[in-house]
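Undergrad: Here's the letter readout for the chains.
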Amino acid sequence: AQTVTQSQPEMSVQEAETVTLSCTYDTSENNYYLFWYKQPPSRQMILVIRQEAYKQQNATENRFSVNFQKAAKSFSLKISDSQLGDTAMYFCAFMKIWRGYGGSQGNLIFGKGTKLSVKP
Amino acid sequence: GAVVSQHPSWVICKSGTSVKIECRSLDFQATTMFWYRQFPKQSLMLMATSNEGSKATYEQGVEKDKFLINHASLTLSTLTVTSAHPEDSSFYICSAKLAGVNIQYFGAGTRLSVL
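Going down the list, the protein sequences come from chains B and A.
Residue numbers for the first sequence follow our numbering, so the first one is 1 and each next one is one higher.
Residue numbers for the second sequence follow our numbering, so the first one is 121 and each next one is one higher.
Simulated from the structure, these hints should not be mistaken for laboratory data.
Incorrect hints may have been included.
Calculated pairs, DSS-like style, for lysine-lysine (alpha carbon to alpha carbon, straight line, at most 27 Å) [claimed, not checked]:
hint : chain 1 : residue 1 : chain 2 : residue 2
1    : A       : Lys140    : A       : Lys161
2    : B       : Lys96     : A       : Lys184
3    : A       : Lys186    : B       : Lys112
4    : B       : Lys78     : A       : Lys161
Taking beta-carbon pairs under 7 Å as the criterion, some of the chain B residues facing chain A (in silico) [as the list claims (entries may be wrong)]:
hint : residue
5    : Met11
6    : Ser12
7    : Val13
8    : Tyr32
9    : Arg43
Note that CB positions come from ideal geometry on N, CA and C, so glycine has one too.
So here's chain A without its partners, still in its complex pose (with noise of 0.2 Å):
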């Protein structure tokens, strides 16, 4: 049980264009699911928050306007990013975590290449 899908695993994508990125809990609904981004070598760093139906809440110093979240349904959370550029190339994670249970479940992560 408690399984993060996380699609697509790679993607490279041309500098200006935009990429999206879906995370799903396979066996569970998810109320909360976060975003995270990993440089190399790096641990995880927190970039929003999504509750569903609710506008995603993110952290200092990251910005809404190229990072849009949406968590439309208990089981689905899409981050894309707009307008990608050199900079944005990272690997991105997304977890889910269940109302009343205290573990987030990850996705297998996203790695993104921006030409």
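Pulled out of the complex, with its shape left as it was, chain B reads as follows (with noise of 0.2 Å):
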């Protein structure tokens, strides 16, 4: 079974200043995906960045970035810039790639997520 850990319950960060968040997970696949969302106050679930286990080069958005180490099993997060409406939980997920009748379940995988509050 897979297992994804995120290690940080809660972190701040100065605004205009650069944090990282961390997540390690555990699988035996070889084929899978990492997601970092968001939960703002408001609660609605936001995509940050995607991650593809094939892919060597760390995925980027913007502001965002991960850095990816495949042989360690480890996700995290690096926040550029940061801005008071980054101010949210953060959930490292993991999906499996999984085709079986009717194309792929897509299931994911929470971690317990890190509370991040950028101060002004």
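Take each chain as given, in its own frame, and dock them per the hints.
TA: In structure tokens form, the structure reads like this:
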């Protein structure tokens, strides 16, 4: 079974600075996806960034980038130039690529989350 | 694109009544929809997975007779909490996935309060 571990329950960062959130996972699969989702106080889950395991290049989305270390099963999220609107719970998630009848099932396995506070 | 609408956003009901929550994919056809439950300050717990036209697959420990899931079309899935009790009070979130695209898009969630 796959597991996702986020070892930092809470973090804080000053506005405009950089912060890194850690995530490790355990799987015997070779092909999978990894995600970072953000859940602000509104509780709407928002996709931040996605990484395909077979791609060595780290994914980037504007101020958000990941450090994907497949051998170490590590998937950290770096937020540059932090903004007040980045304040949220951040969840790391794993998706096994399963192709049964009808196509990929796509279940997500979430970590426990990291509460990030950006301070002015 | 990829908008998922969930309704209602908040519902209060009396113990013993049933509550239906709707999840709609507005601009894409969702072959698979997922239902999650989230307790305060905790992560999302997958309750069940539903494929259009098929019976839902429930996670271990989730009572299928209590949490009825219907996925009658490619754009609509419903979760009905039957004979609700105070312990069913929680935040329920749906998500939808398009076949061949390995991304789940989430609804805004429904806060259920059972008195």
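Undergrad: Next step is simple, just say for each hint if it's right about the structure.
TA: How the hints compare with the structure:
no. : hint                   : result
1   : A:Lys140 with A:Lys161 : 24 Å, holds
2   : B:Lys96 with A:Lys184  : 24 Å, holds
3   : A:Lys186 with B:Lys112 : 26 Å, holds
4   : B:Lys78 with A:Lys161  : 23 Å, holds
5   : Met11                  : 15 Å, violated
6   : Ser12                  : 16 Å, violated
7   : Val13                  : 20 Å, violated
8   : Tyr32                  : 9 Å, violated
9   : Arg43                  : 5 Å, holds
Figure legend: structure checked against the earlier numbered hints; hints not met, in rising order: 5, 6, 7, 8.
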